[in-house]
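Number of protein chains: 2
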Amino acid sequence: MLSKNQLRQVKLLEQKKHRQQSGLFVAEGPKVVGDLLRCGFKPQTVFATAAYENPFGIDCIEVTPDELRKLSFLQHPQYVLATFCMPKTSEVTEPRGLCLALDGVQDPGNLGTIIRIADWFGIDTIYCSQDTADAWNPKVVQATMGSIARVNIIYTKLTDLLGQTSLPVYGTLLDGEDLYSKNLAEEGIIVMGNEGNGISAEVRQLVTEKLFIPCYRKGDTAESLNVAIATAITCAEFRRRK
Amino acid sequence: MLSKNQLRQVKLLEQKKHRQQSGLFVAEGPKVVGDLLRCGFKPQTVFATAAYENPFGIDCIEVTPDELRKLSFLQHPQYVLATFCMPKTSEVTEPRGLCLALDGVQDPGNLGTIIRIADWFGIDTIYCSQDTADAWNPKVVQATMGSIARVNIIYTKLTDLLGQTSLPVYGTLLDGEDLYSKNLAEEGIIVMGNEGNGISAEVRQLVTEKLFIPCYRKGDTAESLNVAIATAITCAEFRRRK
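Quick note, the sequences are listed as chains A and B, same order. Here numbering that gives the first Met the number 0 is used: the first residue of the first sequence is 0, the next is one more, and so on. Here numbering that gives the first Met the number 0 is used: the first residue of the second sequence is 0, the next is one more, and so on.
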């Protein structure tokens with residue numbers, strides 16, 4: 000049985016302010032909830048319908064499908080919705096291996112997809128500028144399909160980070176060199192920019208290796224690639240060379 | 000000044016049934032509307048605010064920003080919304096060069112992104128199974144960012160198409176060979192499957208070249224890639240080899 004207060008507490012977590020105050024975020028469905036539990040995230044409250052298999056044997060508050068629909072942020076709720084404690088704001092670690100840095104990515108779906116791509120390509124850390132969408136937004140968490148449990152997300156001032164690193168800083172820019180003919184190091188930071196404006200002027204100055212994804216459409220049209228698609232193509236090429 | 004009937008006619012075009020009856024679809028914003036006009040699509044009715052620059056000098060019905068908001072399918076309407084005539088249902092042409100075939104892609108955002116990827120990689124034709132989302136849905140049209148003007152979309156029975164072609168049929172499957180070590184022809188059909196279930200059993204039997212995008216995350220977790228991301232990585236590798 001779901002109380003009004005429980006419903007309200009969950010719904011408040013749509014807002015960043017309330018996530019920060021409570022230190023909690025929402026995850027839904029057996030896949031995402033399961034990945035978080037498997038990776039050691041601590042659940043606070045778990046709401047589940049009778050049909051949830053509960054493979055980890057966690058304590059659940061049983062709710063009806065109708066109550067789950069009220070709690071859920073999804074069009075099609077999936078058996079379970081849980082609030083989890085956000086990981087402690089980690090200190091900004093020195094970049095190692097291959098990392099991503101996101102400079103103002105705004106769309107929650109794009110951010111979630113990029114976290115999923117990072118996971119697939121074995122990229123452990125994503126540095127985000129302060130004006131990048133919040134990774135603990137329910138839409139982002141769902142779009143990661145559980146990958147948020149395996150990738151460290153660190154919000155920081157990118158100019159400080161990139162100004163201090165000794166690693167090469169890659170960025171896709173219009174005046175870059177063909178991704179497929181350029182030397183790519185095994186370690187480095189790949190910067191991806193905002194959906195409309197690309198990489199900001201200050202961050203662009205810190206890009207040491209400019210890349211360009213070649214377009215194969217002939218003609219004078221101005222196509223572009225979605226930022227998540229560009230991230231995937233770039234990460235795939237770094238890993239292919241390895 | 001916008002009439003009630005005009006508003007109603009536009010809103011009906013959210014439904015496939017009404018798009019098919021009227022032969023019309025909706026496009027919004029200077030970029031998408033501009034790309035369609037440039038490629039010879041015929042506008043039926045164009046609604047625009049006074050701020051629209053109208054670079055093609057087409058006849059517009061002037062509406063207020065408030066009226067445009069009522070007409071629009073977007074969260075942030077952009078100066079212009081137009082209805083266009085759908086291209087005549089083209090006969091199913093013999094596949095040539097590099098093509099895509101979509102087997103039950105359901106999400107309008109994924110379909111739109113895939114059309115945009117095809118455009119970038121110079122792929123002229125996408126064959127869609129009848130249960131793939133409708134490309135003239137306003138959400139798909141917007142997600143293509145204008146690319147729908149440059150890519151032919153043909154709905155057909157994929158088993159007939161793939162059963163008759165002499166081109167290699169590529170599909171990403173769990174038991175496929177590493178995309179990066181397999182021979183890839185310059186001509187062929189790349190099949191991408193449904194978001195949840197992948198390529199259907201009947202179509203899978205017609206795949207002659209099985210591919211697998213390698214995962215670089217170590218461990219026993221079951222990650223996956225979004226279908227649009229998998230399409231981008233596969234198309235990029237075909238074009239890189241060319």
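Hints were generated in silico from the structure; no laboratory data involved. Hints should not be assumed to be uniformly reliable.
You can't tell identical chains apart in this list, so a pair holds if it fits in one copy or across any two.
The calculated lysine-lysine pairs, modelled on DSS-like cross-linking and capped at a C-alpha distance of 25 Å, are [claimed, not checked]: (1) Lys181 x Lys138; (2) Lys16 x Lys209; (3) Lys30 x Lys217; (4) Lys217 x Lys241; (5) Lys156 x Lys16; (6) Lys209 x Lys69; (7) Lys41 x Lys217; (8) Lys10 x Lys241; (9) Lys217 x Lys156; (10) Lys241 x Lys209; (11) Lys3 x Lys69; (12) Lys41 x Lys181; (13) Lys209 x Lys3; (14) Lys87 x Lys181; (15) Lys69 x Lys30; (16) Lys241 x Lys69; (17) Lys69 x Lys10; (18) Lys156 x Lys69; (19) Lys156 x Lys30.
Please read all numbers here as calculations on a predicted model, not as lab measurements.
Results of checking the hints against the structure:
For the homomeric pair Lys181 and Lys138, neither the shortest alpha-carbon distance inside one copy (36 Å) nor that between copies (37 Å) is at most 25 Å. When the C-alpha separation of Lys16 and Lys209 is checked against a cutoff of 25 Å, the pair qualifies neither within a copy, at 37 Å, nor between copies, at 48 Å. Taking identical chains as interchangeable, the C-alpha atoms of Lys30 and Lys217 lie at most 25 Å apart only when they sit on different chains, with a minimum of 18 Å there against 42 Å within one chain. In this homomeric assembly, Lys217 and Lys241 come within 25 Å of each other (Cα to Cα) only across copies, at 15 Å, whereas the closest approach inside a single copy is 31 Å.
Proximity of Lys156 to Lys16 under the C-alpha cut-off of 25 Å is restricted to the intra-copy arrangement: shortest distance 20 Å within a copy versus 50 Å between copies. In this assembly of identical chains, Lys209 and Lys69 lie within 25 Å of each other by CA distance neither inside one copy nor across copies; the values are 48 Å within and 43 Å between. In this assembly of identical chains, Lys41 and Lys217 lie within 25 Å of each other by CA distance solely across copies; the values are 23 Å between and 52 Å within a copy. With identical chains, the CA atoms of Lys10 and Lys241 are never at most 25 Å apart, being 44 Å at best within one copy and 51 Å at best between copies.
In this assembly of identical chains, the alpha carbons of Lys217 and Lys156 never lie at most 25 Å apart, being 39 Å within a copy and 30 Å across copies at closest. In the homo-oligomer, the alpha carbons of Lys241 and Lys209 lie at most 25 Å apart both inside one protomer (19 Å) and across protomers (23 Å), since each shortest distance falls under that limit. Taking the shortest Cα distances, Lys3 and Lys69 sit within 25 Å of each other inside one copy (11 Å), while across copies they are farther apart (34 Å). Taking the shortest alpha-carbon separations for Lys41 and Lys181, neither the intra-copy value of 43 Å nor the inter-copy value of 43 Å comes in at or below 25 Å.
Taking CA atoms no more than 25 Å apart as the test, Lys209 paired with Lys3 passes in neither setting, with 53 Å inside one copy and 52 Å between copies. Taking CA atoms no more than 25 Å apart as the test, Lys87 paired with Lys181 passes in neither setting, with 38 Å inside one copy and 44 Å between copies. Proximity of Lys69 to Lys30 under the C-alpha cut-off of 25 Å is restricted to the intra-copy arrangement: shortest distance 20 Å within a copy versus 38 Å between copies. In this homomeric assembly, Lys241 and Lys69 never come within 25 Å of each other (Cα to Cα): the closest approach is 47 Å inside a single copy and 52 Å across copies.
For the identical chains of this complex, Lys69 and Lys10 are intra-copy neighbours only, at 9 Å inside a copy versus 28 Å across copies, given an alpha-carbon limit of 25 Å. In the homo-oligomer, the alpha carbons of Lys156 and Lys69 never lie at most 25 Å apart, since the shortest distance is 38 Å inside one protomer and 40 Å across protomers. Taking the closest pair of Cα atoms, Lys156 and Lys30 never come within 25 Å of each other, the shortest separation being 32 Å inside a single copy and 33 Å across copies.
Of the numbered hints stated above, those contradicted by the structure are hints 1, 2, 6, 8, 9, 12, 13, 14, 16, 18, 19, listed in ascending order.
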